[in-house]
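Residue numbers (the working numbering), protein chains in the order written: chain A, 1 to 377; chain B, 1001 to 1377; chain C, 2001 to 2377; chain D, 3001 to 3377.
Rather than coming from a laboratory, the hints here were simulated on the basis of the structure.
Any given hint could be a false lead.
As the list claims (entries may be wrong) - Listed below are the simulated EDC-like cross-link pairs for lysine to aspartate or glutamate, each with C-alpha atoms no more than 20 Å apart in a straight line:
1) A:Lys6 with A:Glu282
2) C:Lys2280 with D:Glu3020
3) A:Lys280 with B:Glu1286
4) B:Lys1280 with A:Glu338
5) B:Lys1280 with A:Glu282
6) A:Lys6 with A:Glu286
Unchecked claim - Short derived list, chain B residues pointing at chain D, Cβ under 10 Å:
7) Arg1021
8) Ala1025
9) Glu1050
10) Thr1076
11) Phe1096
12) Glu1103
13) Trp1113
14) Gln1139
15) Glu1286
Keep in mind it's a predicted model, so treat the numbers as computed, not measured.
Positions of the beta carbon are idealized from the N, C-alpha and C atoms, including for glycine.
There are 4 protein chains.
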Amino acid sequence: MSELMKAAVFEGHERIVLEERPIPACGPTDAIVKVTLTTICGTDVHIWREEYPVERGRIVGHEPVGVIHELGGAVTGYEVGERVLVGAITPCGSCFFCQSHNESQCSGHEDRWEMIGGWRLGNSIDGVQAEYFRVPYAQANLAKIPDDMSDERCVLLADIASTGISAAETANVQIGQSVAVFAQGPIGLCATAGARLRGAALIIGVDGIERRLHLSRQMGADEVIDYTQEDPVAAIKRLTGGRGVDVAIEALGTQPTFEAALEATRPGGIVSSLGVYGGKLEVPVEAFVYGIGDKRILTTLCPGGKERMRKLMELVRHEKLDLSPLITHHFALEDIEEAYDLFGNQRDGVVKIALSPNGHDAAVSGDLRVSTGARAG
Amino acid sequence: MSELMKAAVFEGHERIVLEERPIPACGPTDAIVKVTLTTICGTDVHIWREEYPVERGRIVGHEPVGVIHELGGAVTGYEVGERVLVGAITPCGSCFFCQSHNESQCSGHEDRWEMIGGWRLGNSIDGVQAEYFRVPYAQANLAKIPDDMSDERCVLLADIASTGISAAETANVQIGQSVAVFAQGPIGLCATAGARLRGAALIIGVDGIERRLHLSRQMGADEVIDYTQEDPVAAIKRLTGGRGVDVAIEALGTQPTFEAALEATRPGGIVSSLGVYGGKLEVPVEAFVYGIGDKRILTTLCPGGKERMRKLMELVRHEKLDLSPLITHHFALEDIEEAYDLFGNQRDGVVKIALSPNGHDAAVSGDLRVSTGARAG
Amino acid sequence: MSELMKAAVFEGHERIVLEERPIPACGPTDAIVKVTLTTICGTDVHIWREEYPVERGRIVGHEPVGVIHELGGAVTGYEVGERVLVGAITPCGSCFFCQSHNESQCSGHEDRWEMIGGWRLGNSIDGVQAEYFRVPYAQANLAKIPDDMSDERCVLLADIASTGISAAETANVQIGQSVAVFAQGPIGLCATAGARLRGAALIIGVDGIERRLHLSRQMGADEVIDYTQEDPVAAIKRLTGGRGVDVAIEALGTQPTFEAALEATRPGGIVSSLGVYGGKLEVPVEAFVYGIGDKRILTTLCPGGKERMRKLMELVRHEKLDLSPLITHHFALEDIEEAYDLFGNQRDGVVKIALSPNGHDAAVSGDLRVSTGARAG
Amino acid sequence: MSELMKAAVFEGHERIVLEERPIPACGPTDAIVKVTLTTICGTDVHIWREEYPVERGRIVGHEPVGVIHELGGAVTGYEVGERVLVGAITPCGSCFFCQSHNESQCSGHEDRWEMIGGWRLGNSIDGVQAEYFRVPYAQANLAKIPDDMSDERCVLLADIASTGISAAETANVQIGQSVAVFAQGPIGLCATAGARLRGAALIIGVDGIERRLHLSRQMGADEVIDYTQEDPVAAIKRLTGGRGVDVAIEALGTQPTFEAALEATRPGGIVSSLGVYGGKLEVPVEAFVYGIGDKRILTTLCPGGKERMRKLMELVRHEKLDLSPLITHHFALEDIEEAYDLFGNQRDGVVKIALSPNGHDAAVSGDLRVSTGARAG
C-alpha cells in the first residue's frame, strides 16, 4: 500500500481543502517530485471560484520547485535528489503539436486534437500543491536548478514569468519599439519585464492600483498610466506623438482592455494577448481598421518544457530578471484554505504567495521568513 | 490651358459617370501615365454604393496598366513611352510606415498617422479609370512591363492578385500545411492561388456558387466545399482528420465567414483575414480558445510598390500564375456606367471586367475582343 | 535466443556485405519495424568509400518504409502491422536541441553536445538496409502511411526530399523570387522541387549532365544551365538582368559550387547550403562583399520526425510532389553488393535505387517490377 | 559663386587634410546640413591608409549631427534650423533593394546592382567631416533630434551603434540565449550592448585589451575573456557547459576571430558577422560541421534611414543605451590631421573621438569640454 501525503484538492465552490492522498506512482516515462516550494496562480482562483472547470477531487497547482523523489525506467540523465523546476506546461515532445512547435497545445496523442492540452498539472492530471506530484513526460520537463539558485528565485518562472515574457516574444518586439502593457497583475508585470528584455525603448504600464504601477516601474515601465485618472488610449497616443504603440499587450482578459489595446496600437501594429476571455469578445471595427490596417492579434499560452525553464533561470542567474518583489506572502501548505482566501480576495496587497509543503524545508532553502498569513517584507 | 481627358467620376449613390477633366499636372516626383487597361474592383463598388466614403468628384479606380506620358524632374531611370504597371498601393518609401515595412499604411508625412494611407489612387487622390492619371512617388511605383507580356496578363496584379496572395504570405504558410479559403470571389480565388504558391499540401475552397467552386479548383483548391450544401467547419474538420486547418483565410469580410474561419482552425493555427468588416465583429470565444489557444488573427491590406509588381509579373511570365480565367468581360471606358451596373450587381456570371480607355489600343495589345457589355471568351 | 535476419553491413573499404544478424530487441520507447522498401543514399556511398566514418560492423541505411513488427511498452497510439515511414533523422523530442527546434542536431542526452546527433540510423546505431530495424524514440518517429500510398511513392521522402526541400525553407524563399540550384543530383533535384513549392518565379538548375538537366526541368526548373557549356555565374547574371539570384542553393559540397553559389547571389541574398564539405572551404571575399553585403550562408541537415514525414506524404497525396522519375533501378537486398557497385559508380544513368528486403512483398505493394540490376521503366 | 567651407579631404596615403570647398548645392530631393558634431570611424582609417578605395579629393566621414541649412523643393515636413541626425547609410526608399528591405545595399537606380550602395556619405559622394554636407534622399534620411538630447548623446548612433546592435538583431537573439562577442572595439562594444538589449542571458566579451574588457562589462558583458590569457573557444565552452554559445558575433574581420566564432558556436547556432574581411577567408570545415550542423553565417552592413535613427535615439532617451563612455577624446575640425594620427594609431587609450566643425558651437550644445587632443573625462 502506497504512502500518504497532504494535498490541496478542489472540492467545490471556493473549497480547495487539504486532504490525504497516496503519493503518486511512477510510470516508465514519469518522475515523482517532492515539492519544496510552489505558489497559487490566478487560474487556480478561477478553479476555486468554479469559473474554470476541473473535476472535483483534482489536486490543484501547476508551479512547482522540488527534488526528484523517483524516476521512471525510461528517463535518463537525472538522479534522485536533484533539485528541479517544472513548467506549468509539460509537453510530450512527440505529438503533432510539439513537432509543429506549438508545444503548449500538446495533445500527447496521435489522433486526438485537444486545446490547451499541454497544461496538464492541476488541470487534466493531479497538480503540485501537495507534498509530491507526478511529472508526465519527465525527460522533456525536468529542469535542473543550479546550486546557487534558491527556490524563491525560480518558483515564479514556471508560469507567470514564462507567460508574461512570451507576450513580447510572440509579438517579436524589436529594439527601439514602443510597447504598452494593459494590466499590471503578476502576468502583466512579467510582460513588462519581457518588453524590457526585448529592448523596447518606451514601455508603458497601465493599471488602476498605485502599488502595481509602482511595481510596473520596477519591472521596466518607463511611463505608467493610472486608468482611473486618465483615458489610457489618449495617454498612449500622447506619449507616442499621436501614432499609437507598436505593440500592445493585453494581460487581463476583459472587453475594455482588449478594446483599448487595439485602439492604442498603430496601423501595422500588434496586439499580443495573454488574457483569458470568458463571455463575449467584440472587435471594435474602427480600431481594427475594418480588417485592413495590417494589425495582428496574437495569443499565447504559457511556453513550457525544461529548456524554457533553463533559459529563464539563466536570466535570473545573470541578474536580468528579478521577480522577488512579486512574492509578498508566504504560507505553509497546511494553511492552504487561508492562502486561497487571501489571494482569491486580493487582500493585504498580495501579489504572489509562496507556498511551502513543509515550513521547515523552505526556511532552510529560502531567504524569506515562512509565516502563516504574515506579509513578507 | 491643360488638355482634357475622359474620366469615371464618383458623383453620388450608384452614380459613377463619365466626365471631362484636365489631364493631371506632373510634379517633380510624379509621373503621368496614359492608361491602356484597367478594371473595376469590389472596393469601387463599395464607393459606388456609398458604403465606403470618398469625396464626390473623385476619379475612381486603382488598378492601372499604361504607358508613361510625362515624368517629373526628380524621377530617374524611366522614359516616356515605356509600358508600366502601377500597384493599387503607392508607398512613398520614406515615411515611418514605409521604413517600418508597413508600406500599405504609408502616411507620406513626417507627423501624420493615417490608416490605409498607402491607398491613394481613387481614394485620397484621383484614380485610374480615366485616360490619364498621376502616379505619386513615381520612383517607387512604376513597374516596367516586359515586352512579351500583354496588358491583360498583368492588369489583375495591381490589386487582387497582390492582396489575395498576401494572405498566405502573411500567414507564413509552410510547405505541406493545410489551408482553407473562405469565399471564392476574385480576392479569394487569388488567395487560393497564393496558398498553392506557398506549397500548401491541402487547399480547401469554400463558396456557395458552383461557378466559383469550379474556378477555385482551377486556381489550386484540392477540395471545394459548397456551404449551401454542408457545414464548412464540419467538412474542414472531416478533411483534416478532426484537427482543423493550419491556416484559414477570410476573403469576404462578414461575421459568419470570420467565425467559421476561426472555428475551422486548429489550436496554434492562423486566421489570415483579407475581408473589409463593417458594423460589428465578434470573436467566438470558444473557437478563440478563450484567448489561450495560441491562435493568431492577421490582417493584410494589399502590398504595393514596383518591386511587388515586378515579382508578380515574374510569376505570370514563368507560368506560375494565370489569372486570365478571371477576366470574364470587357468594356470600353465610355460604357463605364453599364460596366458598374453589371459588375455591381454581379450579373452574367461576371468575375472581373477589363476596362479600356481606348477600345482601339486595347484591341492592339490584347488577345481578347473588346466589346460593349459582351461576355468575353 | 533471438531470430536472425539479413542485413547490409559495413565491413571496410567498398565492402558493404550481406550478413546474418539478430532481429533487434525492442526497448520501452522503441519500435521494431519490418522493412518493406528502402534505398541507397549518397551518404551511404561515402561510408562505403570510407569517406565518412562509421564503425565496422554497423548495419547501414537510413531511409525506411515498413510495417510495425513490435512496439515498446511506453509507445502509444500505434498497432503492430501498421505501415510506417521513418525519417532519416530520428529526434528524441526532449533534449536541448529538440526543444530549441534544432531537432536534426538532437543529442538525446542532458549533458552531451553532439553534432548531427539526430542522424542515428545507419550511423550511430544500426540502420535499415536489413529485414528489420529498431526505431529509437518511436513515439516521435513513426509516421503512418495512408492506405492509398504505395511504398515507392514515399520511400524518397525519408531523406532526399526532406533535405532537398529544406534548402528553400531555410532560405525562406518568397513568392516571386529567383533561385538557382547548383547540382542536380537527387538532393539538388528535390531542392529544385522545393524552390517551386515555395513559389519562386524563376528557378535555374545547374548541372553538367544532360539527363539531370532534363530531370531538373521536370522537377520545376524554368531554366537550366549546363556548366560544361557556359559559365553558370555569368548565365545566372544574364537571366536576372545582371543582379544575381535572391537565393542560391548549393547541393553538392565542393569549393567550386560553393563559390559559384556565392557569386551568383545578389547583395542581400542567401546561399542555402546542403552539401557536405570535406577538406578546405574558402569564402571568396569579393563575392562575400568583404563581409558587408548582407549576404547569408545557411546550412541545413535533413529535417526529421513523424510530422515532417506526414507533411511530405500529404504533398505527394495531393500531387504536389512526384519523385517517381527519380527511382531508376530496383534491387533485392540480396543483391546489395551489386547495388552499391552500380550506385556508387553512377553507372547506367542511375538516379535512385529502390531496395527490397523481400522481392515478393515489394512486388505486391509496388507498381514497379522488382528485378536484379534491371533498369526500371 | 558659392560660399566656401572647410572640409577633411582624402588626398593620399595617411593624408586626410583640411581644404576649402564650396558649400554643396541642394537638389530637389536633397537637404544641406550644417554639421555640429561628427566622429571618425574605423572605416575612415581604412581610407586614410588606402586599405579601402575612395577617389582622391573625396570629403570623408559618415556620422553627422547637424542643423538643416537648406531643403530641396520636393522635401516636406522639415524646416531650416531643425536639428537632425543622419545615418551613415542613406537609402533611397524606392529601388529594388529598398523595396526588398535590404536598404543598406540600396542602389538608388532601376538597373544598376551595386554592392554596399547605401553607403554614400564619404564613400561614393562627399561626406560629413566638413562644415556642411549634402543629404541625398533627404525625405528618407533626416531624423529630427528631440530637444532634450545633446549632440554627444546621438553622434555615435549614426554608424557604430546601428551596426553593432544589428548583429544581435540579424541573429534574432532570443531572450535567455548565450552570446559571445569577438573583439570589443567600438563596434564590438555596441554589439555587446545589442545582445543585452535583445535579452541574452549570458553575454561574453572577448578582447585582449584590459580597458576594452572593462568597457565590455559596462556595455553588458556578464563574462569577459582576455584572449591573451586563455583560449577563448575553450573558455566559452567552459562557460556554456561544453555546448558553445547560441550566437557568436564577429566584430573585427580577421581569420582567427571568424574561426573562433564558428568554433565557439553550438550546432544549430549562428555566427553574426560585422567585420570587413580582406585577403582570404577560410571556413574551418570541422567547426562548420562539414556544412550539415545547421549553422548559419550572417552578415550585416549598418542599417540606415531616419526611422532607424529615431528608434536608436529613443533607446538613448529612455536610458537603455548609453554610449558616452565610448567618447574618449574631442577635437576641432581644424585639427583633423592630429585627430586621424591619434585615432589611426590608437594612441592614448582612444575609443571614439568627437569632432566639432566649430569648437564654439559644440561647447554650447555639449556637456564635454572641446579641446585639441586632450583626453576627455
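Hint validity - Arg1021 (chain B) Cβ closer than 10 Å to any chain D Cβ: Violated: closest Cβ of chain D sits about 25 Å from Arg1021 (chain B), beyond 10 Å.
Holds or violated: Lys1280 (chain B) to Glu338 (chain A), with C-alpha atoms at most 20 Å apart: violated (44 Å)
Evaluation of the interface hint that places Glu1050 (chain B) against chain D, nearest CB under 10 Å: violated (32 Å)
Evaluation of the interface hint that places Ala1025 (chain B) against chain D, nearest CB under 10 Å: Hint violated; Ala1025 (chain B) Cβ to chain D Cβ min 15 Å, cut 10 Å.
20 Å Cα cutoff - pair Lys6 (chain A), Glu282 (chain A): Distance ~44 Å between Lys6 (chain A) and Glu282 (chain A) Cα, so the pair is violated.
Interface hint for Glu1286 (chain B), Cβ within 10 Å of any Cβ on chain D: violated (31 Å)
Trp1113 (chain B) as chain D interface residue, shortest Cβ-Cβ below 10 Å: violated (13 Å)
Holds or violated: Lys6 (chain A) to Glu286 (chain A), with C-alpha atoms at most 20 Å apart: The given pair, whose Cα atoms are some 53 Å apart, is violated under the 20 Å limit.
Lys1280 (chain B) paired with Glu282 (chain A) [C-alpha distance capped at 20 Å]: holds (8 Å)
Evaluation of the interface hint that places Gln1139 (chain B) against chain D, nearest CB under 10 Å: Holds. Min distance 4 Å.
Minimum beta-carbon distance criterion (10 Å), Thr1076 (chain B) to chain D: holds (7 Å)
Chain D contact restraint on Phe1096 (chain B) - CB to CB distance below 10 Å: With a minimum Cβ separation of about 6 Å from chain D (threshold 10 Å), the hint on Phe1096 (chain B) holds.
In the structure shown, a violation is registered for the earlier hints numbered 1, 2, 4, 6, 7, 8, 9, 13, 15, in ascending order.
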